Amino acid sequence: MKDLKQYNIQFVGLKEGKHLFEYSIDNTFFEFYNYSEFKKSSINVTLEFVKKSTFFELLFTASGTVNVPCDVTNEYFDLEITSKLPLVVKFGPEYNDDNEEILILPHEVYQFNVAQFIYEMIVLAVPSKRVHPKVLDGTMKSEALSKLEELEIKEEKTVETTDPRWDKLKNLITEKKT
1326 MKDLKQYNIQ FVGLKEGKHL FEYSIDNTFF EFYNYSEFKK SSINVTLEFV KKSTFFELLF
1386 TASGTVNVPC DVTNEYFDLE ITSKLPLVVK FGPEYNDDNE EILILPHEVY QFNVAQFIYE
1446 MIVLAVPSKR VHPKVLDGTM KSEALSKLEE LEIKEEKTVE TTDPRWDKLK NLITEKKT
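Sequential numbering of the sequence shown, starting at 1326, is according to the numbering used here.
In case anyone wonders, no lab produced these hints; they're calculated from the structure.
Just to be clear, a hint being listed does not mean it is correct.
Taking lysine to any residue and the SDA-like style, the derived pairs with C-alpha atoms no more than 25 Å apart in a straight line are [claimed, not checked]: (1) K1409 <-> E1433; (2) K1330 <-> D1422; (3) K1364 <-> P1394.
DEER-style ranges, computed between Cβ atoms [what the hints assert, rightly or not]: (4) Q1331 <-> D1396: 29 to 37 Å; (5) Q1335 <-> L1384: 27 to 35 Å; (6) E1405 <-> E1356: 18 to 26 Å; (7) K1493 <-> D1396: 17 to 25 Å; (8) L1384 <-> E1474: 40 to 48 Å; (9) E1405 <-> P1489: 20 to 28 Å; (10) F1336 <-> E1474: 55 to 63 Å.
Predicted model only: the values in this text are computed from it and were never measured.
Quick reminder that beta carbons are idealized off the backbone N, C-alpha and C, glycines included.
My request is simple: use the sequences and hints to build the entire structure.
As structure tokens, this is what we get:
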């Protein structure tokens, strides 16, 4: 992660209080993680870093667009995403990130890298089902949609008929009551 050193936060020299860090994320960021789901991306991430005497409070906020394929038509479109990720950083004898809301850093550490948190926040902000807005409002014209409409199963109106044997059983119930 040598190339992600711009995401290192050296907290030893920071005064107590609130500090803001801003990052512009594009596809080069995702290349470090070998993540190629996005054709292109443009995301602004703001990190509000509050340094207290024994711990830190971090609030990551992301907003922007990612260019992804539609799950219905496979055509690419810009999907707007927004996300927030709160994180508390404490100190302990060894590194521990088992809890997703609390990060424990060793006492001797003077900096840490926030790139992994930014990556996870953005990837998890993308919905599992991605549908082009034009598909939702019905204005999309594509070969895939035309083929899907052509292959759609048409419901036929059926006249409800019952099996005469069941009718006889129903009569037995009504006759028994009288």
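### Task
List in ascending order the numbers of the hints, as given earlier, that are violated by the structure.
1, 5, 7 and 9
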